[in-house]
Structure formats: structure tokens, C-alpha cells
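Q: Spelled out from the first residue to the last, the chains are:
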Amino acid sequence: MTEPATTPAAAEPGAPQLRLPDVSKLIVSSSPHLHDPRDLRRIMLLVMLALLPATLSGVFFFGWRALWVIGWCIGAAIAVEAGCNKLFRRPLSIGDGSAALTGLLLGLNLSASTPWWVCAIGAALAIGIAKQLYGGLGYNPFNPALVGRVGLLIAFPAILTTWVKTAPGQFLADAVTTATPLGQWKLGTLPLDQVSYGDFFLGNLPGCLGETSKAALLLGGLLLIALKLIRWQVPAAYLGTVALITGIAHAASPAKFASLEFHLLTGGLFLGAFFMATDMVTSPFTRLGGILFGAGCGVITCIIRLWCNYPEGVSFSILIMNALVPFIDRLCTTGTVFGARKAEAFA
Amino acid sequence: MSKLCRFPGGVHPLYDGKDLSAGEAVRCPPLLPAYIVPLQQHLGQPGEWVVKKGDTVKKGQLLAKATGLLCVPLHAPTSGEIAAITTCPGPAGTHVPAVELRGDGRDEAAATLEPIPAWESAAPETLRDRVRDAGIVGMGGASFPTHVKLSPPPNKRIDTIILNGVECEPFLTADDRLEIEATDAVLTGARIFQRILGAARVVVAIEHNKPDSIRAMRDRAAAFGVEVATLPVRYPQGAEKQLIYAVAGRKVPAGALPMEVGCLVQNVGTAAATAAAVLQGQPLIDRVTTITGRPVANPGNWRLRIGTPLKDALAFAGGVTGEVAKILFGGPMMGMAQSSLDVPVLKNTSGILLLGPGEVSPYTSGPCIRCGACADACPMRLNPSDLGIYIENERFAEAEAASAMDCIECGACAFACPTRRPLVQHLRRAKAEIAANRRAAAAAAAAKK
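Sequence lines, in order, name chains A and B.
Take the first sequence: its letter number 235 is residue 233 in the numbering used here, and every next letter is one higher.
Here the numbering used here = 1-based position in the second sequence + 13.
Hints are not guaranteed to be accurate.
[To be verified] Quick list of in silico lysine-lysine cross-link-like pairs, DSS-like style, CA-CA up to 30 Å:
(1) K66(B) - K324(B)
(2) K461(B) - K78(B)
(3) K23(A) - K16(B)
(4) K226(A) - K16(B)
(5) K461(B) - K444(B)
(6) K226(A) - K254(A)
The set of hints was computed from the structure by calculation and includes no laboratory data.
Please read all numbers here as calculations on a predicted model, not as lab measurements.
Model the full structure from these sequences, guided by the hints.
A: The structure is reproduced here in C-alpha cells:
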């Protein structure tokens, strides 16, 4: 380091061309002055990006009808959100992308044959009842898209369980109705010799338009985990519990209960495990809580699928576990404060 | 070299801005015609002026004397005349007592303190008194009187001294440059601390993003019997409790001081100032400060006299080239925003950071979406989400039960929050409320007796 200068300034530090900040434009606020660029809107966009493969697979297998259903759900969700903002005299919140994401998730949880007005009612239930009546984003105890779907299932059971045959890459305007493998298994009409787990994995089976392709959902789910937008503990505990229970049940009684692979690759399990049970607002705060939550979802899904009248139980199980989140959070706290234990001995 | 530990939480700003000034060697700016020197530049009770208007002083001459244990004296940054005993805007936004010193341009030094060349055999008390008499405080930002930290009660033994060269605040490079250019001074200061405390181990801690500092320290450390610990880049790596855990693997108990686990942490700048005070008898009248940010014409590092007004400091860096939205004293994570260009540089001004309009985003206090980013970021393993909700609803007792007082106010939670909730701001408010409640309760208990 050089010695401090001992001569007076040669040039006055106020020379003509020197530009100093305009004090009147200075913002004064408390620290921190930097933020993680990942804000709410970016999170919502990234989750929608992770749903892109499932959305595209829906269009590939079910044709342009899939886009029609998703479009109505997203449009209605945004419209209802804006309407509620106005009604409740709150600032417009459609810019954060959360309403659009709820609409997209609702659309992916419906059959491609769903009429537009049913989509709109579902979006109104999801955004109006499940989200805005509770106070908007962050205050809803139940997953809005699932409230929309289950509300529709109760109100319009026939429409919600009308499934169409897949027509890969044919983009047909009309479709042939059929039953889902889970429904056929329940009725004992599943032609087991025609079951192809490869098709099930890729998405070539009847069902909700966003739930059929496990490959696309896995891709999106892994993206969410890699981006740390969801915690892997929730889908892992969910899928693991379902595999465990259905595996044991099948081993005990193969004629009565379908196999582990069948249960993993049919229905809405992947969509539920990676995208619905992991909703930040309605799932537990901690990783340990996430494991309990995922396992609980798995147990309830299996109970419904194996022993109840409904062929599928993913939506119900997640909504039931949503109700338990405050208790799980009380049970699984963030842990001991750093240094809260007694001083560790040192030599 | 013992194993390094990883403290919980922490955040990584994507761009640390250190490239703007890290390559710039420390420059010594020309003398200014006038300096504004605030009376209180340390944590504790204020000193007392020993000069009056019209007095002539020499460089390093006493301006204010210490009034108690938690106080340090203040010295003149140059020779000249006391133009006024006045007030000036301080970095915290209030007006504070200060002297205006009109320089005579001669920069004549006063012989206030005798050098102690034989410090290695000097009594610890002599060295500790020198640290106090030179007006040395923690120069990393806390400005806690250093001699107090060097005076543990007799039943507390300090066995490890950690020199904090981490500089985990983005944009700041003053400590980095000091480690490179004044390696021996930093290490000598560390040895003086060791002499005072009789500690067995001295470690210099530096983050991986300062390869030149690490090389410089590694080259010289062995000659001084000092270890070099290189730490991963993670804010707040330089926070006292986190640094002690990283380097020594010891957790400072909640509410306790580092001496509880036998550790002492000192900033590298404080060590260099201590070496100058002991070897040259030089009181603390200048420091290395980074002047940086995208709007700054020539970002770099300067050895600024204490009392250099902000506008003159900016002039040394060539002024600004773009719009300025924020001026910070300190780094972007914990620095204080300024509203006047007349604020003077203090003993703890590690950096002057200017941010442009595009680099500043407002707090919106959106809803908590329970994403958990704040809890993942908290280096104290608190739950800022719950705490923020308690405090918004004035539920201070619950905030206290949820360990609000353990918050170190690093701001990692507010940095991480995707809905821009002012979490650390809530916690600062709660800590003040809880402390006031505790004082009131203690006063009430005392009144009963």
C-alpha cells in the first residue's frame, strides 16, 4: 500500500464536468437492497413451463379438444380472478400468473370431452370459492384446482366421468367414449391381456387429458425438483406409499387387487404427486412435514382405489391431507435454532 | 488444518459485483479542504470533545476523549483548524454531533502515541490500552470497541482467534485488497491480538472467490504462525456465529457471546489498524473503502480519511455516469441507504455502493405463499414465515417464543422471499419491541422490590 498523499488536492474535487447523483431521486429503504430474481411471477411461469410436456401430450393423445378445454379453464380462471379483485376492491392480481396456473391445472384434471361451460364453472369454483373467498393467494387451505375438479365431479358426475379414447397424433375433432383402466378394473371388465405398461407410461390410455402421460409428468416433475420449486420428499413419499400398499395387496390377493405397476401408471397419481400435492400454499412447510403429507396422500389414495366405490382417489386424498396441513406443520417445525443447545465442549 | 463446517441456510446472490472493483489497487486520494468528523463512531456511549472552535490541531491529535469503558477516543484526520462544533447528517439518517475540520494542507502529524516496536514482549495490558487509545473499533461494520472484545472476564479463556476476511457482502472488495496489499500488517495485527489473549490458534478466513487474497495470505501466514481457512461463497459466511461454526465447528449458544465457546472474531481491517497503532503509533484516522456500483465512473478502492464527505468520496471515483436510485453505506445485504451527499465516511464504512434504477426493486409485502425459501435461507434456522405473520399481527409474545431475538438481521429471508415480504424488517421491529418489553418488565420487577 502506498503512503497517504501529503500534498493538497491539485484539482478541486468539484471540477466542472463532474457529475454527482441527484439527491432528490434517491430511494431510502432498509436492507437488504438485493432480491433473489425468482419472484412469484417467475415461479408461476416456471411451473407452467414444467407442465408444458403434459399439456402437449394431452393435445397429442386427445386432439385439439384438449386445447379447447385448457383454454376455457385458463380464460375463465383469469376472468374470475379479475372479477373477484374488482368485487372485493383488491388490486388486480392476474399479473402474478397464479390464476392462469390454477386454470391450467384444472384443465389438465378434466377429460377432453368436457363442455366449455363446465370448464367455466370449475374455474369459478376453483378461483372464486377455493381461493378468493379465503382471501386470495396464500390464504387458501385447499388446492383450488382440485376443489374445482371435485366440485364438478359432485355436480356433474356423468360429464366428469365421460372419457374418450386416445387417438395419438390424429388430432380428431370428435372422439369415441370409453372407460379408464381404473374404472374397468373396478367393474372387472379390464381386458388384462391388452394392457401395455409402455402405453400407460407414454400416455396412450383414457383419462384426464393431463394425467395420462407419466413420461411427460416425470419430465416436468424432475424439472421442478431440479429448480428447487418443489421438494422431492412429497412425490417420493406419495408414490412410494402407493407402491408399497398396492404391492402388498397384490401379493396377498392378485385376483382382487391390481398390480403395483398398474396402480402407479394409471389414473392421476403422477399429476397429483408432482403437481397437485406439491402446491406450496396448501402443503406442509417443512421437508419432514412433506413426507408425512405425501405418505398420507398415498394411504388415502390406496384406501379409495382398493376398497371404496370410486375407482380413483388422488383428488380426494390430496384435499383431505390439505385439511391436515396445519396439524402437520405444528408437528414438524423448522427445528432447533442454530446454537440453541448448550455450548458444546471444546478442548 | 481442521475440517470446515457448513452453517445452515445462506443465500447466493447471482451476481456479486466484485469484478467492478476487485482488480483496483487501493488509491490514496488527495487531501480535502474540509472534513466532517462525527463524535460517535462506535457502539457504546459517546465521547467528549476536547477541542473547541478555532483550535488548531495536528493529524492524529485527540478530538474527543473516551468517557467510559464502552467508548473510544477520536482523532483528527489531518492538520488544520476546528471551523465549527456542529452537527452533520449521519449514515443512519439522523443529524449527529460532529466537528468541521478545515485542513491546512500540511497534514502535519502529532506525536500522540509512541510506537511499540517490542510488542512481542510487551504486556498484554499495554497493547490492549494502545488499541483503545488509537480509537480502534470493529471495521467490518459493527464498530464495536475492539479493546472491549479483547478484555474477556478472567474465567473465559479465548483459544481461537478468527480473522474475518470473508467479505461475504456482494460488491465490497476493501478487505480483499487489504489482504493482498497489506498482508503482513493484517497478520501482525492478528499476532498482537494473540499476544493480548494468549490464544493458541489464529485463523484467517477467506471465501473462495478471492483467489489473490488466499494466495497472498498462504504465502505469508506460516511465517506468522497463522492458519488460512478458505470457505465456500455463501452469504452470510462472515456473520460472527456462522463464521465461528464454519472455522472452529463450535456453536455460540443463543444469546451468548463468542467468548462462551473460546473464540474471538476480528475483521482484517481492524487487525491492520491495530498493527499500525502498535508499530507506528498511528491512531485510526483512515480506512480502506470500496466505492463501487454500475453508475460509478471509476469503481475502486480508496484509503479514505475518516470524515471524508460522501460527495468528495464520489468525486475521487470520477462521479457517476448514470442514474442513481440508491446510495448505500456498506454492502447491498446490510448496508444503509443514504439521502444526503454530506454524510461523512466513518470508521466502519466498508463500502459506498451506488445502485441504478434497474437494480432496485421495491418491497410489496405480498402474501406468504409458504414456499419455505425464507426458512431455507435463514442461517439461524428460524422460521421467518411464521415470525413475519406473528409480527404483522403484533403478536410479539409469540414472536419471542419463536426465537425472534436470535435473528442476526442478515436479511437472507427478505432476499429470498418471492413475494418480497419485508421479513427482516419485521424482525428488526419485533426485536426492538421485545427488548423494550423486557426492559419494562425488569423495571417493574425492580420497582416491586
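Q: Confirm or reject each hint.
A: Right, here's what the structure says about each hint:
| no. | hint | verdict |
| --- | --- | --- |
| 1 | K66(B) - K324(B) | 24 Å, holds |
| 2 | K461(B) - K78(B) | 39 Å, violated |
| 3 | K23(A) - K16(B) | 49 Å, violated |
| 4 | K226(A) - K16(B) | 28 Å, holds |
| 5 | K461(B) - K444(B) | 26 Å, holds |
| 6 | K226(A) - K254(A) | 40 Å, violated |
The structure fails hints 2, 3 and 6 (numbered hints given earlier, in ascending order).
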